[in-house]
Amino acid sequence: MKVESKVDAFIKKHSKWEKGLKSIRKILIDTELEEDIKWGIPTYRLNGKNVISFSGFKNHFGIWFHNGSFLKDQLRMLENAQEGKTKGMRHLKYTDNSDLKEDVIRSYVLEAIQNQKDGKEVKPIKKNEKLKIPNILKANLSSNTLNQLTSFSNSKRNEYIQYITSAKKEETKKRRVEKIIPMIEQGLGLNDLYKKR
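The opening residue of the sequence shown carries number 14 in the working numbering; numbering runs sequentially from there.
Calculated from the structure, these hints are not laboratory results.
Here are the computed distance ranges between Cβ atoms for each label pair:
hint: 1; residue 1: S155; residue 2: E115; range: 47 to 55 angstroms
hint: 2; residue 1: S18; residue 2: T163; range: 47 to 55 angstroms
hint: 3; residue 1: G200; residue 2: S28; range: 44 to 52 angstroms
hint: 4; residue 1: K85; residue 2: G200; range: 23 to 31 angstroms
hint: 5; residue 1: S28; residue 2: P147; range: 46 to 54 angstroms
hint: 6; residue 1: K25; residue 2: S168; range: 38 to 46 angstroms
hint: 7; residue 1: P147; residue 2: K39; range: 40 to 48 angstroms
By construction, the Cβ of each residue, glycine as well, lies at the ideal position given by its N, Cα and C atoms.
Could you put together the complete structure from these sequences and hints?
Okay, structure coming up:
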């Protein structure tokens, strides 16, 4: 069975959300993303990398952004896919087909595509791997703040390290360091401010 037929069958299987899922799919197939089925759900890829998926469940449906933590989310609509487990994945969740706004989804989709082109990806960290704190970060932290950072769990500390090291320009790294110092001092994780309130 062709991918297109599999996606059609998937949408029909979720008849309660058919209208919404069809709208999401229409937006996605109008982009340069390649349609595929991964983990039994429609997934959209760019250069072999998973960028976006969508799915339907009993009480909701939605669109998943595999590296959604890099999206600006100015409308504050994104949720962490699995709080405490997923680092990069974020989703837009809907409980009514009429809540879906195509222009909003399109703007998130286009930003996700651009982020993928720019190489913005959450890299998996081995469970006990400690990343080296970059010199630019060490140089700008007081000893107390540096101690606070090193006392964080590996995943919490590594989120900060990856945030700094993923910036390509030095001035971007400096801006990011300035932004995160108060968060570290408060004992917050990088993404704590974006968690659903």
